[in-house]
Amino acid sequence: MTNSVLWTPLIFGLVGLFLPRRLSGWWATLGTLVTLGLAIALLAGFDSGASGLQDTVDVSWIPGLGVDYSLGIDGLNIFLVLLTAVLWAGATAFAAFREQERPHLFFLMMLLGETATLGSFLAQDLLLFVLFFDLMLVPFYFLFGAWGTDRDGVTASVATLKMIVYTLIGSLLMLVGAIATAIISAHGGHVSFSLATLAEHPLGEGSQRWVFWFFAAAFLVKMPAFLLHGWMPDAYRAAPLPALAVFSGVLAKVGAYGFLRIVLPLFPAATIQFQEVVLLIALASILYGSVMAFTQTDVRLVAGYSSVAQLGFVTAGIFALRADGADGAILQMVNHGLVVAPLFIVIAILAERSGSEDMREMGGMAMRAPVLATLFLIVTLATLAMPGSANFIGEFYILNGLFQAKIVFAIVAISGVAMSAYYALRLYQRTMHNRKPDGLESREIGLRDGLVLAPLVLCILGLAFYPQLILKRTDPAVERAVVSTCRTPNCVTPEIAKQLVTAETVNQ
Amino acid sequence: VSFNAPHLDYAGLAPVIALTVGICVVLMTAVFDRAKRSGPELALLTLAATAALLLGQWGDSKDLISGALRLDDLAISISLIAIFSAAFAVFLSVREPAAEQAGGGEYHALLLGSVLGMVLLAEAQNLVTFFVGIETLSIPLYILCATNMRRGRSLEAGLKYLIVGSLGSATLLYGMAFLYGGSGSTDFARIAAGIGSEGVLGDPLVLVGIGLTAVGLAFKTSIAPFHQWTPDVYEGAPTPVTGFMAVATKAAAFAVFVRFFDVALAPQAGEWQPALAVLAATTIVIGNVGALGQDSLKRLLGYSGVAQAGYILGGLVVATEAGIDALVFYLAAYAFMNLGAFAVVVARERETSYGDDIRSVQGLGRKRPLLAWPLTISMLGLAGLPATAGFIGKLYLIEALVEGDYTWLAVFIAVGTMISLAYYLRVVAAMWMRPGGEIAPGATPAIAGASPEADPIDPQAGRRLHVVAPALLAAAAVVFFGIIPQPLVDFAQHAGSALF
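First to last, the sequence lines map onto chains A and B. The first sequence runs 3 to 510 under my numbering. The second sequence runs 42 to 541 under my numbering.
This is chain B alone, in the form it adopts within the complex:
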């Protein structure tokens, strides 16, 4: 018996290796030197190194480890989005009670572990690496959600995410088994090649496999009707983690979604497109309607994330290069818009006793313009108003949809956006249009049940550079790419052209 080890392209694997080493270093430093608390610095260093290694291979397209992974511009761009939001989370986690309670090193190592899963997932083109990636991504997140150990809500969120996430993973795995059984291969390309002339619909095994895989991915990307966990988990998890999860998980899961459907299953597009289009439309409606009337900003952003996933899914449905460009563009714009909003929520959560309730931002425009503007710009961007990256993103998506003969879905995006104004502008109105009641620092928390487990209030939180600077940076990016979108368009087009 001879065993041929696959050829390893170490340059291509370097980002993954760098992350793995980084995780070990962060963890070990924390174990051996508890007092030093160098977790954030080391985590940022790891992220920077990984980003540099990825950028060094910008423009390359190569299969790694016998085709188990594929490093191309799609993988790189999605990984960069994940790394960017992880760096954001590191900044926002400074002075975060959760990070302290979980032990500095563990918290950051878990965060990096999740990023590792995302990088793998973005590169996966084999069922095995696909599953390994998605689990590497999810398991650290289950724990991170529960790191705010003194808050019941956080523990509840962690448990809920674990159960629902496992259900999603199980569904996915079950689907993969069917796919393997039907096609005899775990490789995306060979699965597609194994589909007979009658197409997906003619082969029940493959059909069930594809269906279950899509459902598993829908769980991860919070596409309706598999989104129910999203608002609860978003609300309970520590806010920096929520921000990271909202942006990066979605980006990574969409990357593999694209690779599986738009690349491998492209010849059968006509058969799966209508189903996914209906899912996208449902998601847009359910997400937007669900967000109406939410008083918790994190729940609101959770439902808004569901709706936005519906828009993004539109880019996947058309299965064209323009569609993938639009998807990547939107994911990048979505990252800026969401992270800016979460940074402000973090600040207000620590400053006031209202938690993430909408009352915590009341009157912010008058008193704290440096916090009010980023949140305002984020909300206007998510609502797709002009001069923000969100407008260009919607424009891009609608253009791709109309070009791909899915004009009706474009109309759904328009209608969904219209509904979304009601809740995004509600936040803006709270900031600018109501007299802000002065909230005394340290006052009795207004939300019932929060008092025994409330985190200490830090009235200076919103003035600290590690919160304000990321918020302003994200807001500036939203406006900049709304006025000069071409650099981001180029970025997205690189990703799209890597696949066609």
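For reference, chain A alone in the conformation it holds in the complex:
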């Protein structure tokens, strides 16, 4: 099952090359929908009580180097896989409704991107993870560079190159780190990259310290976190919007997921030692991202910087090193993906009407396009974590975990919640309310775009009513990931943490 979820998009993409041009978009959409169906089937067959891996595939791939082709599903990745499938279906359909230049290649790259992303979520072998993690860059390099737009003298190919160089600095160091991890932990015996084996033979504290940063560099760049976000503004402004929707919605999460899947279980000592450093980076991301989102007028950058802030929250949740913080982090990853992808789709729709992506040249849309405005309002309210939305619950869990771990950090992080309300509402008002500028064409969302946007908004609403769908299934795996880290005395045991959470949820 995991195998078919992983490879379906790529197979569709390759077959699509032989179809006529006008069909390639529809064929690709069909491919993403089939993948989505398979992912849902995967969820249906998922045993929510079990904490171990399910649906595993484990084949020796390069025996000479100790690399296995090993996949598996557990509470940490099941919803991220589902998120990937949902967002890709939406973005691909959105792209298929529009005329694309060189459609064969465009949709092949989209689908290759989906396979690579799914691969990095599903991989249970350290090297396979690194491979898929790097592979994700290839399709997005082409998508951003060849279908992107040049802006303010920054050509799309330069912006893309900057992104690639930034992200690969981290990834290549991660490759060295991964190999070092496997070799040191093998102690001269047979080298294996299997995550399970590596977790059983942890590195010495000295090695953990430097390997930790090799991995952290890769993940923090990908998110991106404060100070490592230099590639983000140019790349976001250059990218074609359907690709950007999945890029921002899913790829950024791979970094956060990497912390949970790899760093916490494999480098527990270093994680505890550097907990505060990473939390500081996360806080800086929250504050910096929020403040930058206040001031930007390019709607893409508002969304981009708000992602920096949101991913800061997710990182903070993971590095609270409490089960509830990590639960919240996973929930929030899904939530953020579900709000940011529709946000970019709305941006695309707005840009088609106003001919600009500057919010100063937008406005007054709500009068003529109430349906679009309503859908966008739901997305906006979810972004600012309105009570009642799943984002609220996610942030609550994260802050709850953080309060028990490091109260000072939690207090600062709360300001991020308040700031998110400002930038989200500012974005909504400037684009939907106010006076309609001259030359702006204000019309209702088309049926086709509605078909893309409405299901995504429905997902947001669905999760708002029933966040337990995620929390219940992630909890056992999260506990396993966090428990392995938290063996030191200053950590509250997850059992206690969980009781606290339940108590507070009841109070709420």
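Hints listed in this document are in silico derivations from the structure and should not be mistaken for laboratory results. Glycine included, every Cβ here is placed at the ideal spot set by N, Cα and C. Warning: the hint list may mix true and false statements.
[As the list claims (entries may be wrong)] Partial list, computed: chain A residues near chain B (C-beta under 7 Å):
#  : residue
1  : Ile64
2  : Gly66
3  : Leu133
4  : Asp136
5  : Val140
6  : Gly147
7  : Ala148
8  : Ser159
9  : Leu163
10 : Ile166
11 : Leu170
12 : Ile171
13 : Leu175
14 : Ile181
15 : Ala182
16 : Ile185
[Said to hold, decoys possible] Restraint-style ranges between C-beta atoms, simulated for each label pair:
#  : chain 1 : residue 1 : chain 2 : residue 2 : range
17 : A       : Arg153    : B       : Ala90     : 53 to 61 Å
18 : A       : Ile413    : B       : Ala316    : 54 to 62 Å
19 : B       : Ile524    : A       : Ala286    : 37 to 45 Å
20 : A       : Glu207    : B       : Gln527    : 29 to 37 Å
21 : B       : Trp449    : A       : Gly155    : 37 to 45 Å
22 : B       : Ile204    : A       : Gly190    : 45 to 53 Å
23 : B       : Leu506    : A       : Gly54     : 50 to 58 Å
24 : B       : Leu333    : A       : Leu19     : 28 to 36 Å
25 : A       : Val293    : B       : Ala316    : 45 to 53 Å
26 : B       : Leu506    : A       : Gly232    : 44 to 52 Å
27 : A       : Trp28     : B       : Leu506    : 32 to 40 Å
28 : A       : Gly190    : B       : Gln527    : 21 to 29 Å
29 : B       : Ala307    : A       : Gly190    : 17 to 25 Å
Add chain B to chain A, keeping to what the hints say.
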């Protein structure tokens, strides 16, 4: 005085003999039957026969001619890489002006002569055969570089290569003299045995000898700071020759490098490792930085070859079986990646008036996917992106380096790879991300000074099977071994285990 002729193992020598006979046949056919132009066919036949004779002895390990040569899986695998790239060069040379100008037979005979030198070099384990091999390899190449006789650049490249190459050979020979003086033997094993208990550092004669030998080899493998000739010669030489030179010379020189350092001098590893490690790191940085901003694709590939030599040297530095496996794997992967790229450069050079300038591939993705994909895959492979043999090669090298306690060098490889993206992806961007200006066939050449000596333009060059098929084959191999690397890993491990 009695003279005992050494016992000759004719089976072991058969590949060398086949090549020698082939050279004579190619040359003679051309002399006596100018009109027939059967050079390419005969050259391919010779190469195929040699490859078959080598493969027949796959798995054997034997000393030939009283230990002057050694036929083992390392020698066979390196020879096969050289033969493969020579066959590639033969295909790419069809309709190449250089091959015509130099006289078909001579061109192919010289190519085979160079391969003969490479086979000898890969088998050499004695200073004499080592030197004979390296000269047999080099001298035909000096001439081949200058075969494009109507282009000043080509003649310049030939002359430059001759002068720098001779300097390298002289240095090597000087080093060998010291080694012989210090140890009283020309045999690798006995040289090593002659090193006293104080080690290499305690014996100035041997130390100077080893140092000069390493410098001579560094010239041949274009390791910084002895690489300066590389971009100039690569740019000037006829492109099929450049492709051959870039891959095969490097492979053969690394084979003897391995035999001398990793086998003979293995007990003294601790003394020479740091020096070579520093050379490798320097090469990685200099090669990658040098390639930035190069507009000529051949110069770019030249500098990239310097950087790649630095990575490969890493496999030698650790002096372990895993290191040699990684080195051979990387050389094989490097052959596919480079030859694919050169095939596309050949095609565009003949089709457009831009020569090997990066503008010649602009907009290729839109118009000529069959040429754009091989070059794209080659570039992504050289940059070490996943799903290419280049990624597995880097993985292999880094694994060997970390295992051999040279993690810092592995980090250099990572950093070098990062720099390299800037120029490899620039080529990819030119193909896919800029609107291609339609270049009228036969238009006035855009590069200054090229007009009087420009070769005729052949707008169909990139559609001809003998160019497209090799390019696609190489690209397919890069992807195939990126996804299913085990066959190539086995191949490399055979070579490595032959030495330990």
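Numbered hints the structure breaks, given as an ascending list: none
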